[in-house]
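S.K.: In case you want the letters, here they are:
Protein chains: 2
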Amino acid sequence: MVAVRGGSAHGPAHLVLTASVARRYYLDGRSKVEIAEEFALSRFKVARLLDDARSSGLVRIEIGHPGVIDVELSARLMETLGLQHCVVTDTPDDHPASLREHLGAAAAELLTELVTPDDVLGLSWARSVSAMATALQRLATVPVIQLTGALTRPGVDDSSIEVVRDVARVAGGPAYFFYAPMAVPDAATAQALRRQPEVARAFSRIGSVTRAVAGVGAWAPEQSTLYDATSEAERHELGRLGVTAEISGVLVDADGTPVASDLTERMIGITAEQMRAVPEVIAIVYGTAKVKAVLAAVRGGLVDSLVTHSTLAEALIREAGS
Amino acid sequence: MVAVRGGSAHGPAHLVLTASVARRYYLDGRSKVEIAEEFALSRFKVARLLDDARSSGLVRIEIGHPGVIDVELSARLMETLGLQHCVVTDTPDDHPASLREHLGAAAAELLTELVTPDDVLGLSWARSVSAMATALQRLATVPVIQLTGALTRPGVDDSSIEVVRDVARVAGGPAYFFYAPMAVPDAATAQALRRQPEVARAFSRIGSVTRAVAGVGAWAPEQSTLYDATSEAERHELGRLGVTAEISGVLVDADGTPVASDLTERMIGITAEQMRAVPEVIAIVYGTAKVKAVLAAVRGGLVDSLVTHSTLAEALIREAGS
DNA sequence: CACGGGCGTGCTCAGATGAGCGGCGCCCTG
DNA sequence: CAGGGCGCCGCTCATCTGAGCACGCCCGTG
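So the protein lines, in turn, are chains Z and F.
Quick note on this note's numbering: the first sequence kicks off at 1 and runs consecutively.
Quick note on this note's numbering: the second sequence kicks off at 1 and runs consecutively.
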C-alpha cells in the first residue's frame with residue numbers, strides 16, 4: 001500500500017463501504033473471508049469494519065416479536081433474577097381483571113409447553129391460578145395436586161373452587177384435591193384437618209411435585225388474600241416480624257426467609273421447605289405494589305419462574321439492579 | 001435426555017429462551033460455546049436457535065444512519081451497478097436547485113475523502129460540478145485539470161467559470177485551465193483551439209488524470225447543456241444515431257458505446273477513450289429523466305462512481321434489475 | 001408387531017474467526 | 001532533523017463455527 005491517506009477518516013465513501021460490508025455480512029449471510037475477497041480487503045479489515053458498524057450504530061440489532069409477549073423484556077427479567085422461566089406480557093396494566101386474564105392465558109401456554117408426562121403438577125389457591133386454569137386447553141397427562149386450602153372472600157367471586165379438578169380434567173390425569181380452608185382458628189383444628197383422608201392424600205403427594213403454579217401476595221391490604229383474611233392484631237404482628245411476601249400461604253420476609261408464627265401452625269397447605277423443594281414454582285403476579293414481595297419470593301428460592309406484565313417486570317429489573 | 005416432550009414446540013418458554021440466547025449472542029457478543037455452557041445446551045442447539053431466531057424475524061438487523069446519506073441505498077446501488085463509489089442522499093427531489101446544492105455538498109465530501117496527494121483531478125463543465133466546487137472546503141494537494149470547454153446558456157447563470165481555479169485553490173495545487181467553448185462551428189476551429197497553449201497544456205495532462213468529476217446529461221431538452229446548445233437538425237441526427245447520454249461532451253448510445261459524429265470533431269474536451277482511461281470518473285446526477293442516460297454511461301465504463309438522490313437511485317436499481 | 005419416514009440431536013473435521021502481537025509510516029515535539 | 005507516540009495494518013495460533021452425517025426416538029402404517 002502506498003500509504004498516503006487522503007481526506008477525512010469517516011467520509012461518505014467509508015460509510016457506504018461499511019454499509020456494503022455490513023449488508024453482505026448480516027443480511028446476505030456471507031462469511032468475512034468471502035467479503036474480504038469481494039472487496040479486496042483483509043479479513044481483519046472486514047472484521048474491524050463490522051465492529052465499527054455495530055459500535056457506531058450503523059447496524060442495529062433488535063430482538064422483538066409481534067405479539068403480547070415481550071420476549072426481550074422476558075429474557076432480561078429472567079437473567080436479572082436468575083429465573084428458570086419468565087413470560088412478560090405487555091398488556092396495559094390499567095385493568096386488573098383483563099390483566100389477570102391475559103396473564104392466565106400466558107401462564108396456561110407456558111404450562112402447556114413445560115409440563116411433560118413425567119411431571120407432577122401442584123396448584124395453589126389464587127385468582128390468577130384460576131384464570132390460568134380457565135385458559136388451559138391442553139396439558140400432558142400428569143397428576144394434579146392441590147397445595148393449599150381455599151380462601152374465599154365474602155362478596156368476591158373468586159371463581160371456581162374446582163381449579164384442581166378442572167386442570168386435571170384437561171390433563172387427563174388424577175386429581176388430588178380437598179375441601180378445607182387455608183387457615184383455621186387454632187393449631188389443633190389444623191392438625192385434625194391435615195389428618196382428613198383427602199387432605200392427607202394430597203399432602204402425601206406434595207413431595208413429588210415437580211412444577212407448581214402460585215400467586216404472590218404482598219403483606220398489605222388488597223395485596224394478599226391471606227392478609228385480608230387475617231385479624232388486625234395478627235396483621236400488625238406479622239408485619240412487625242418483617243413479612244413481605246405471601247406465596248400460597250407461605251410467609252417470608254424481605255430476604256425470602258420464612259417467617260414462623262402462630263399462623264404457620266394454623267395453615268392448611270404446603271410449607272416453606274416443601275415449596276423450596278419443588279423444582280419449579282411458577283408465580284403469576286401483577287401490580288407494581290408487589291415489587292418487593294416478588295423479589296423476596298425469588299431471593300428466598302420459593303419462586304423459580306414468573307409470569308407477569310411489563311410494568312412490573314421493569315420495576316423488578318430496576319429494583320433488582322439497585 | 002429422557003426424551004419425553006411436553007407441550008407445543010413453540011411455546012412462550014421456547015420463545016424467551018431463544019430471545020435470551022439471541023440477546024447474549026448479538027447484543028452481548030458472547031460466543032456460541034459460552035452461551036451453550038451458560039444455558040446448558042449443546043453449541044449446535046444454540047446455533048439452530050439463532051438460525052430460527054433470524055429466519056422467524058425474532059431478531060431484526062437493520063442498517064441505517066441518521067443523516068442525509070442513505071447508506072443502505074448507496075450500498076445497494078453501488079453493488080447493483082458495480083460502481084467504485086456511490087453516495088445517495090435522501091433529499092426531497094422537488095426542488096432542482098436545492099437538490100443540486102445537496103448533491104454538490106455530498107460530492108465535495110466524497111472528493112475530500114477520496115483524493116490523495118497522488119491523485120490528479122479532472123473537472124468537467126457542469127452546474128453540479130460547480131455546486132461541488134462551492135461546497136468544497138478541504139482537499140489534498142493535487143493538480144486540477146479542466147477537461148472540457150465551457151458552455152453557457154444565455155439567461156442562465158451557470159455560476160462561475162472559475163471552477164477549476166477555485167478547486168485548485170482549495171487543494172493548493174496547480175490549476176490547468178483555459179477559456180474556450182465546449183463546441184465550435186467547425187472542426188478546423190476546434191483543431192486550432194486545441195493548439196492554443198493553455199488548452200494544449202491542460203489536454204496534455206488528461207492522460208494522467210486519476211479522478212474526474214462530471215455530470216451526466218440525457219439527450220433531451222433541458223437534460224443536457226450540450227443538447228440545448230445544438231441545432232435542431234443536429235439534435236435529430238444524433239438522436240437517430242442512438243445518443244442516450246452526454247458526459248462531459250462525450251456522447252454515447254444506450255449501451256454506452258461512444259457515438260462518433262460530425263459534432264465529435266468540433267468538441268473541445270476529453271474524448272470517450274480518454275474518459276474511459278480515467279481510473280475513476282465520479283458523476284453527479286439528479287432527476288429521474290436521466291435513468292437511461294446514467295445506465296448507459298455506467299455500462300459504457302465512462303462513469304465509475306455516482307452521487308445522486310434516492311428517487312433516481314431507486315429508479316436505477318429498478319431499471320438495472322429488469 | 002415390524003418397519004420405515006420424519007425429526008431432533010450431537011458428532012467430525014475443515015474452514016472461519018478473534019485476541020493479541022509486532023511492524024510500519026505518519027505526525028508532533030523538542 | 002531525530003525521536004517518541006500513535007494509529008492502522010496484517011500475521012499467528014488457539015478457538016470457534018458451519019455443513020454434512022449418523023444415530024436414536026417417535027409415530028403412523030401395513
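Hint data in this document are derived by calculation from the structure and do not stem from the laboratory.
We treat Cβ as the ideally placed atom computed from N, Cα and C, and that holds for glycine.
Check the hints yourself; a few may be wrong.
Pairs of lysine to any residue residues, derived as SDA-like cross-links and limited to a Cα-Cα distance of at most 25 Å, are as follows [stated by the list, open to error]:
hint	chain 1	residue 1	chain 2	residue 2
1	Z	32	F	63
2	F	45	Z	28
3	F	45	F	66
4	Z	45	F	116
5	Z	32	F	271
6	F	32	Z	232
7	Z	32	F	162
8	F	32	Z	181
9	Z	32	F	292
10	Z	45	F	134
11	Z	45	F	30
Short derived list, chain Z residues pointing at chain F, Cβ under 8 Å [said to hold, decoys possible]:
hint	residue
12	14
13	16
14	37
15	39
16	44
17	47
18	50
19	69
20	74
21	78
22	85
23	87
24	90
25	94
26	184
Computed footprint of chain Z on chain F; a stretch qualifies when at least three of its residues, placed anywhere within it, have a C-beta under 8 Å from a C-beta of chain Z [said to hold, decoys possible]:
hint	region
27	61-70
28	81-89
29	184-197
30	215-228
S.K.: So which of the earlier hints does this model not fit?
M.R.: Numbers 3, 5, 6, 7, 8, 9, 10, 14, 15, 16, 17, 18, 24, 25, 26, 29, 30 - these are the hints that the structure violates, sorted from lowest upward.
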